[in-house]
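Using the hints provided, position chain B relative to the given structure of chain A.
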Amino acid sequence: MSKKYILGVYKDDHDILVGAKKIREMGLKITNVWSPFPIHGIDPVIGIPRTRISMCSFLYGATGTTLALLMFWYMMVHDWHIDIGGKPNFALYKNLPAFIPVTFESTVLCAAHGMAITFLLRSKILPGVTASNPDPRTTDDTFIMQIEVKDTDNLEQIKSALKSTGASEVRV
Amino acid sequence: MEFNFKKNAKNFFMVLMAIGVVTIIAGFLINPHRTWSALLVNDFYFLAIALCGTFFVAVNTIAQAGWAVGFRRVPEAMGTFILFGGIGMILIFLFGHHDLYQWTHAEYYNKFLAGTKTPNPDYDKILDGKKGFLNVPFFTIRMIAYILIWVGFTRWIRKESLAEDLDGGIKHYDKSIKIGAIYIVLFGITSSTAAWDFIMSIDAHWFSTLFGWYIFAGLFVSGLAAMCLLIIYLKSLGHYGNVNENHLHDVGKFMFAFSIFWTYLWFSQFMLYWYANLPEEVTYTKARWDHYRLLFWVNFFINFVFPFLVLMTRDAKRKIKILLIAGTAILIGHWIDVYLMVMPGTIGRDWNGFNLIEFGILAGYAGAFLFVVFTSLAKAPLIAKNHPLLKESIAHHI
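Sequences listed follow chains A and B, in order.
My numbering puts the first residue of the first sequence at 1, with every later residue one more than the last.
My numbering puts the first residue of the second sequence at 173, with every later residue one more than the last.
The shape of chain A in the complex, shown without the other chains:
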């Protein structure tokens, strides 16, 4: 049983929200929505769980902090004591204030880059990846919703549901 998809093409972001609600009420699964801009409040409507990227960001940030402190400990304390301005340099915690700015920067760097790369990987839009976009118009003024249908589903009913909520085209 091969998977079949129906594409509902809309011209307005509000219409696609209403349409997506109706499709979900019919018990169907929406696999993707293409849109030229983020549509406010669509995530819960099409059944996407809340993003976990904030958790990732915390982990990347913690990694950055640890890496920076490890670097300082090794370079400035463990490997060779570097005396700058007579500051205590025989223990990490004694010279900690001097290390904080760079540690902070490293935290931000790791968190920001980690988040950006994770996002690109997760949404498969890394440079060089072929776009899975069904219609180039979604980068301009068109909104497309992809619905997964089984053989048992009534295609005509779905089509009319899409049409009634303002879809300009329906493709199978």
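Hint data in this document are derived by calculation from the structure and do not stem from the laboratory.
Just so you know, even glycine gets a beta-carbon here, dropped at the ideal spot from N, CA and C.
Watch out, some of these pointers could steer you wrong.
[Said to hold, decoys possible] Just some of the chain B residues that point at chain A, by a computed CB distance under 10 Å:
#1 381
#2 385
#3 408
#4 433
#5 436
#6 440
#7 442
#8 443
#9 446
#10 448
#11 484
#12 486
#13 569
For chain B alone, coordinates are given in the frame of chain A:
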């Protein structure tokens, strides 16, 4: 929907104020020096919270931000305390300046002893050099100017907001954007210079170029925490049905972000002193480190580590209980912060723990602040019903 300032709440605040008055009288009999310091700490703390109210309204107005419109009467009401805090500040300066500000003593400014050619052993070259700025008449004039600007603009913004309730339309909104813009500029200057005057001049030999920002960060975050607690209190009375977890989430974000901002400035000041180790700069930190070390650490943990960890997740910022805990911690933390700004300069190394005088006066000021805020909340409808962005605020969703 009107807020009803109930009789028993009124009585409770009256009792708190009575405690404050009794403490002030007793304090002046037992230890006037300490009492003046405690008065300055508490007056400045509540004045700062009140200033945050007007600033918050002005910022949101000129940014044309819609989300905060639903509860804008709360920061407006907080702003009405500026008048009382300001008058308190003037009285404290006029009658207590010898106890608080070392630079007001006349003996530092005479090169020679009176009528002789003998050099004055108390002559202070640094203070004499700052005489053009730090002298009692100019200081008093500046102080009155600050209070007039703050109170005037607070009343003006509120007047437009109340007139809008009656007339409707967009006329008052346009006007309040202009008022807000002027106020932001004036507040940017006066908050900085007032910080130098009220707090930094206690340690008159010392100076810090980012002190104005440091005070402002503390002012903003403690005011936001107070605003958050007031909104939660009003919600618990059944008001503000339209202010939901989305709005509180944004207030929580503000508290989280400005706790970090406060820490940024606190640490910047500390680290540069620590690194450069210049005698004229490091005295400030050294006085706090040597005699107030426990409070120094408490200040850091309660104002940075605690809100940072507690308010980090999205879910935490949307829960009233967690916001209550974090808001209370921030309020306590910034009281300690103000305490640490004032006490080492006035009491110095004689300090040996908190004193009942401070807490008595704190109770008095808390009572007065809440009395004033609740009175002005009760005077106007809780929702600015004709505000052009009210609908946006109700629909706010994040």
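Let me make sure I understand: some of the numbered hints might not hold for this structure. Which ones are they, in numerical order?
1, 2, 3 and 4
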